[in-house]
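Positions in the sequence shown are counted from 1; adding 419 to them yields the working numbering.
By construction, these hints were calculated from the structure, which means they are not laboratory data.
One or more of the hints may lead you astray.
Pairs of lysine to aspartate or glutamate, DMTMM-like flavour, derived with a Cα cap of 25 angstroms [said to hold, decoys possible]:
#  : residue 1 : residue 2
1  : 1015      : 1026
2  : 961       : 985
3  : 746       : 1002
4  : 961       : 1021
5  : 961       : 701
6  : 961       : 1026
7  : 961       : 894
8  : 543       : 644
9  : 961       : 975
10 : 961       : 897
11 : 1015      : 1002
12 : 961       : 1002
13 : 673       : 701
Because the structure is a prediction, the values reported are computed rather than measured.
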Amino acid sequence: MGALGLAVFFHGPQIVLLAGAQMLIVLWLALSLLRRQEGLRAPADAITVTLTCFLAWLALSLSWSPVPALSMMTFWWVGALGLSYWACTVSPERERVWQWASGFAFLGAVALCGMALVQLIVYKQPPRASFINIHSFAAMLVLIALPATARWLAELRTGRRLPVAALGAGLFLLFFTIATTQGRGTTVSLFLGMGVLAVLTYRQVARTHLAGVAGLAIGAYLCADLLTRGAVGTRISTLADPAIAALPRMLIWKGSFQMALDHWWLGTGLGTYYLIWPRYRDPTDASLGFFAHNDYLHLWIEGGLAAPLVLLALYVAVLVGLIRFRKRAPDPLPSIESAGLFGGLLAIAAHSMLDFNLYVLPISILAGLVLARYRALIGMNPHAVHGAVSSGLFRRPAVFRLAVGVAALLSLAYLAALGTSDYFYGRGLALARSGDFAAAGESYAWAGRLNGRDDRVMLAHADLYRHVVARTPADAPERPVLYRAALSLLDEAQSANPLRATVHALRARLYHENPSLTGPSWRTAAMQEYQRALALDPRLFKTRHAYARLLLDAGDRSAGRRVLEDGIRHWYVPNPALVPLYETTARLRREAGDAKGAVEMEDRVRDLSARLARLAPVRPAAPDREPRMAATMP
């Protein structure tokens, strides 16, 4: 429960929260294993085997990743699904754990819904609660709502009024909040899951009760439509033309599919999608560029073809398990509950074709718990046959406890170092912004000691040296030392992550700003680094503008204009730093006699300024896995 509480506030940059959540799950898993008297006796059913194979393949992919540190962190991120599943599966008190976890998830979802509705009604903001991506919030609510719906149907059979009323009110709030997010994919996934739930329970549940569920959901959507003055209905109606509805994602999928084909067998390495994506990205794509918005395509790109295939095998195992369970004519209550769990898993699996649920930590943790409960439930029949694998060596208590203890300590040490390093990294950035460069350098040094292959730390530290060099007198003896230290850090960062475009961008700035330290060929060296940076990421608009200025200062106005014009065709997140890029382009167009083009750029500057003014009061921070990396770069 503590891990889930931390997870809902994790959106990518908050590595401390990821580490904290995973440390709690590792502790839970280790303590559960240490309480087992029979040693290691692992279940060998299809669900457990396929999920474990999925994790094993992702772990194996670390061996060929070009960015091992990033891939290792992403493994723990994506692996939350399997880790929470195993922790729940081996727990001696699975039933009690599920009761507490499901209750906590439901009450937490209700609280998040309240938070989201305050955002919508009071502050006139999108109802996203603690999430950055509103559709991820809605998907998590769907995963919680469907098992809760099955629980409500089961309570209706018992006739207990208080649980029925409480669950019904909570479900209405969940459905209502899902509707206000106006997500088409989440709406389709929700009603798909509800349809499957109805089909699977029509023999165990009264028709009036199923009608009550439908009425609850439809009523919630109608109320949400009234609250949003028809926006919900208008948004849902666009599903009548799926081609138009899916157009933004089609741009992403087209480039992502080509990336998958180029790395079809082994993949690019976990966590590397956003580093390679700029080279495949359509100039008009308006996404932030961190995910393929299709978990299966994204897994194929990063983990190779085997990753999505094994995940699909897990889905088949889940379906086959349900079919076999229902053939045994189970009791009504387990049958209803299993239908709700299956509906929730199906809804998330379907929605993952349009989003990145596997990379949303609270969804992964919840899905692992739901899957563990589902597996335990469909095996409740005492005549069911269960396979298990065991090791004679690990059945010895002393050896088993030693192995568990060592594995847990190594995992906890890594996660603690990861989280603490990120804390010092963030602290260093804050100190650098405040001008306390000495303290910032010490924080970066600590971050580097704890996580020596984190290229973000090296890059931020090198950028700090760049600022110090700029403030050091030209004749100071320490100036060349600082300059060489910055270059050395950049070389280390490039070795740790050869895919990071900003390494070349910062090296170019260092050459550009320090010609006397770089040497006679400083201009050529800076140009080459600018070109390498833009080849890796054409949307580095600050780098593009700096490169164009270098060309203009050298008297090559046509080349400078070409560099700027090549960047104008790309879509950018509204940013005040775009104004100089557009203004310089407008000036060069006017000098070249393109008055119409100059006016177009001047209009774009005015439009951008107006958009920034409108967005300033309400715009949330973008979910960026890199924004703090070079935050000291002007």
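Worksheet item: Honestly, which of those hints from before does the structure not fit?
Response: Hints 3, 7 and 10 not satisfied by this model.
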